[in-house]
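**Student:** So you can see what is in the structure, the chains are spelled out below.
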Amino acid sequence: MAKLFAVTIVVIAILSAIPIVMNYWGPPEDISTHGHGIDEQLKDTMWEAGISFLASQLILAAFIWQYSGRAKGAQLKTFPGGAKGLVVAAFVLVGTEILALGVIGQKAWAAVYFAPPNANAMTIQAQAGQFAFYFRYPGPDGKFGTPHADKIDEGNQNFFGLDPENDVDARDDIVSGELAVPVNKPISMLMHSKDVGHSFYVRELRLQQDFVPGLDLTVHFTATKVGKYEIVCTQLCGLGHYNMKAYLNVLSQDDFDKWMKDKASQ
Amino acid sequence: MLRKRIVIALVALIVCPTLMFAAGTVSGKVTFTGTPVKPKPIDMSKEPSCAKEHATPVTTETVVTGPNNALENVVVYISAGANDEGQVPPQAVTFEQKGCQYLPHVLVMHTNQELKVVNDDQTSHNIHPLAKVNREWNKSQPPGTPPISEKYEKAEFISVKCNVHPWMHGWFAVLNTSHYDVSKGDGGFKLPNLPPGKYTITAWHEDYGTQTADVTITGNETKDVDFTFKAKAY
Numbered sequence: 000m001a002k003l004f005a006v007t008i009v010v011i012a013i014l015s016a017i018p019i020v021m022n023y024w025g026p027p028e029d030i031s032t033h034g035h036g037i038d039e040q041l042k043d044t045m046w047e048a049g050i051s052f053l054a055s056q057l058i059l060a061a062f063i064w065q066y067s068g069r070a071k072g073a074q075l076k077t078f079p080g081g082a083k084g085l086v087v088a089a090f091v092l093v094g095t096e097i098l099a100l101g102v103i104g105q106k107a108w109a110a111v112y113f114a115p116p117n118a119n120a121m122t123i124q125a126q127a128g129q130f131a132f133y134f135r136y137p138g139p140d141g142k143f144g145t146p147h148a149d150k151i152d153e154g155n156q157n158f159f160g161l162d163p164e165n166d167v168d169a170r171d172d173i174v175s176g177e178l179a180v181p182v183n184k185p186i187s188m189l190m191h192s193k194d195v196g197h198s199f200y201v202r203e204l205r206l207q208q209d210f211v212p213g214l215d216l217t218v219h220f221t222a223t224k225v226g227k228y229e230i231v232c233t234q235l236c237g238l239g240h241y242n243m244k245a246y247l248n249v250l251s252q253d254d255f256d257k258w259m260k261d262k263a264s265q
Numbered sequence: 000m001l002r003k004r005i006v007i008a009l010v011a012l013i014v015c016p017t018l019m020f021a022a023g024t025v026s027g028k029v030t031f032t033g034t035p036v037k038p039k040p041i042d043m044s045k046e047p048s049c050a051k052e053h054a055t056p057v058t059t060e061t062v063v064t065g066p067n068n069a070l071e072n073v074v075v076y077i078s079a080g081a082n083d084e085g086q087v088p089p090q091a092v093t094f095e096q097k098g099c100q101y102l103p104h105v106l107v108m109h110t111n112q113e114l115k116v117v118n119d120d121q122t123s124h125n126i127h128p129l130a131k132v133n134r135e136w137n138k139s140q141p142p143g144t145p146p147i148s149e150k151y152e153k154a155e156f157i158s159v160k161c162n163v164h165p166w167m168h169g170w171f172a173v174l175n176t177s178h179y180d181v182s183k184g185d186g187g188f189k190l191p192n193l194p195p196g197k198y199t200i201t202a203w204h205e206d207y208g209t210q211t212a213d214v215t216i217t218g219n220e221t222k223d224v225d226f227t228f229k230a231k232a233y
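These protein sequence lines map, in sequence, to chains B and Y. Here the first sequence is numbered in numbering that gives the first Met the number 0, starting from 0 and rising by one per residue. Here the second sequence is numbered in numbering that gives the first Met the number 0, starting from 0 and rising by one per residue.
No wet-lab data here; the hints were simulated from the structure. As the structure is a prediction and not an experimental result, all values here were calculated from the model. For each residue, glycine too, the CB sits at the ideal point set by N, CA and C. Be careful, since some hints might not be right.
From the structure, some residues in chain B lie toward chain Y, with a derived Cβ separation under 10 angstroms [claimed, not checked]:
1. Met-21
2. Gly-25
3. Phe-113
4. Gln-129
5. Tyr-133
6. Gln-156
7. Phe-158
8. Glu-164
Computed beta-carbon distance windows for the label pairs [stated by the list, open to error]:
9. B:Ser-264 <-> Y:Asn-219: 46 to 56 angstroms
10. B:Ser-251 <-> Y:Lys-153: 55 to 65 angstroms
11. B:Asp-194 <-> Y:Gln-210: 28 to 38 angstroms
12. Y:Ser-26 <-> B:Thr-233: 53 to 63 angstroms
13. Y:Asn-219 <-> B:Asp-194: 51 to 61 angstroms
List time: in silico PhoX-like cross-link candidates among lysine-lysine, alpha-carbon distance up to 25 angstroms [to be verified]:
14. Y:Lys-138 <-> B:Lys-257
15. B:Lys-244 <-> Y:Lys-160
16. B:Lys-142 <-> Y:Lys-37
17. Y:Lys-37 <-> B:Lys-150
18. B:Lys-227 <-> Y:Lys-138
19. Y:Lys-37 <-> B:Lys-257
20. Y:Lys-39 <-> B:Lys-244
21. Y:Lys-138 <-> B:Lys-244
22. B:Lys-262 <-> Y:Lys-231
23. Y:Lys-160 <-> B:Lys-227
Bound conformation, chain B alone (with noise of 0.2 angstroms):
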């Protein structure tokens, strides 16, 4: 019975490890200039937590086949070292492994959040709120127009509560549904909640922050690939949460240009 049970274990182990090594599910199409290095940690922990997994149940089912039949009076045996032998085993692997992993993975994350952006990086602001993302461009004069949260009207559109009757540098501004971006163009977006916390998670971007309320955070990446892509949610934010979505469209820069006139002009 035992011996069963030893060998189901070898074979989850392995039925577990094929999907992940054969990379059935992956993730979808990287189009951003940071994302290889979160793909590259992200396939390096699979690698070392798959290998630590299969090593472990392996051991566990031999240790299972090996010691299960007991003799009468064969004596129980015990780890090296007894419990306190076990803990610092333990201790010792797997904070290595998770240090390892760490120093490894610092540049990926440095890369999107210790760099500054771009110099010449265009900047647009997003913001969230129950239950749907907008985005504002600064227009031609480049500036943005004071936000005012007491003149919000989102039945008129005016989102971002602009006043553009007393306020010169709001008239330009260009407020969006979806967030248009130019390709290969670095993009500044600096971000801020209207109500409640909220995410902006674009998957083939390979980036995710949250928006928290009653900050002002600032993300920043650049597009590769035209096409649209979707920007969901992802903190749990009321009733309309499975429905927040917008979508990241990248444009060629002549594309690009055409939408920003179609849109100045309505």
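Please build the complex by placing chain Y on the supplied structure of chain B, with the hints as guidance.
**Tutor:** Same frame as chain B, now just chain Y:
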């Protein structure tokens, strides 16, 4: 002497019913001066089931204009002198959620009249009328569920939004009277069946404000009352 009295009685018999059933009408047009803001297109891409119902994007309805400077969606009603506060119409008024829009944009109802909210879309809506005088409530309505039935007890102009779809916006005008009309198309309105008396007519627009006019009805005549609102540049 008797003949005189008979004549007087006959005249009274004929005149009284005529007076009793005399009903005048107030009608007119609502227009604007100046240049209103251009309606802005609404991006419904986050709700594809609604976006595909509109061949061209719908536009904001805060200011809807018609030919010859007509101003639509203005609620014109008797604000004083109507005396039908207690007469609640038995039929319900319907507010429809279709294509992620509220239809009609402005819905008028009598206090305590039944309001039915219907969801004709493939997506859930969460209607949230922002009442300040009446009770404020919001209700979730998945597709295929029965209409929501509610009523308002006090007169109020209530801004209505959808908690799930930020661009959806409408109005409830809860009035103490059934003598009302909403200007459409050419900006025209008509308030018929007004017994003789002194009345105050109020015209309300969601962005351009409120105007009043006083009118006196003596018999069966039609009085012409026009309202002109000043458009806002922003």
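**Student:** Each hint should be assessed against the structure and marked as holding or not.
**Tutor:** Hints versus structure:
1. Met-21: violated, 33 angstroms
2. Gly-25: violated, 26 angstroms
3. Phe-113: Violated, about 32 angstroms.
4. Gln-129: holds, 7 angstroms
5. Tyr-133: Given a least distance of 8 angstroms, the restraint on Tyr-133 (chain B) holds.
6. Gln-156: holds, 5 angstroms
7. Phe-158: holds, 7 angstroms
8. Glu-164: holds, 4 angstroms
9. B:Ser-264 <-> Y:Asn-219: 46 to 56 angstroms: holds, 52 angstroms
10. B:Ser-251 <-> Y:Lys-153: 55 to 65 angstroms: Once the Cβ atoms are compared, 57 angstroms apart, the range 55 to 65 angstroms for Lys-153 (chain Y) and Ser-251 (chain B) holds.
11. B:Asp-194 <-> Y:Gln-210: 28 to 38 angstroms: Taking Cβ atoms as reference, Asp-194 (chain B) and Gln-210 (chain Y) lie about 36 angstroms apart, which means the hint holds.
12. Y:Ser-26 <-> B:Thr-233: 53 to 63 angstroms: holds, 56 angstroms
13. Y:Asn-219 <-> B:Asp-194: 51 to 61 angstroms: The hinted range 51 to 61 angstroms holds for Asn-219 (chain Y) and Asp-194 (chain B), with Cβ atoms some 56 angstroms apart.
14. Y:Lys-138 <-> B:Lys-257: Given pair Lys-138 (chain Y), Lys-257 (chain B) is violated - Cα atoms ~41 angstroms apart, limit 25 angstroms.
15. B:Lys-244 <-> Y:Lys-160: The given pair, whose Cα atoms are some 19 angstroms apart, holds under the 25 angstroms limit.
16. B:Lys-142 <-> Y:Lys-37: holds, 23 angstroms
17. Y:Lys-37 <-> B:Lys-150: holds, 19 angstroms
18. B:Lys-227 <-> Y:Lys-138: Cα-Cα ~34 angstroms, so violated.
19. Y:Lys-37 <-> B:Lys-257: Satisfied, since the Cα-Cα distance of roughly 21 angstroms is no more than 25 angstroms.
20. Y:Lys-39 <-> B:Lys-244: Judged against 25 angstroms, a Cα distance of about 21 angstroms means the pair holds.
21. Y:Lys-138 <-> B:Lys-244: holds, 22 angstroms
22. B:Lys-262 <-> Y:Lys-231: holds, 22 angstroms
23. Y:Lys-160 <-> B:Lys-227: Judged against 25 angstroms, a Cα distance of about 29 angstroms means the pair is violated.
Hints 1, 2, 3, 14, 18, 23 from the list above are not met by this structure, while the remaining hints are.
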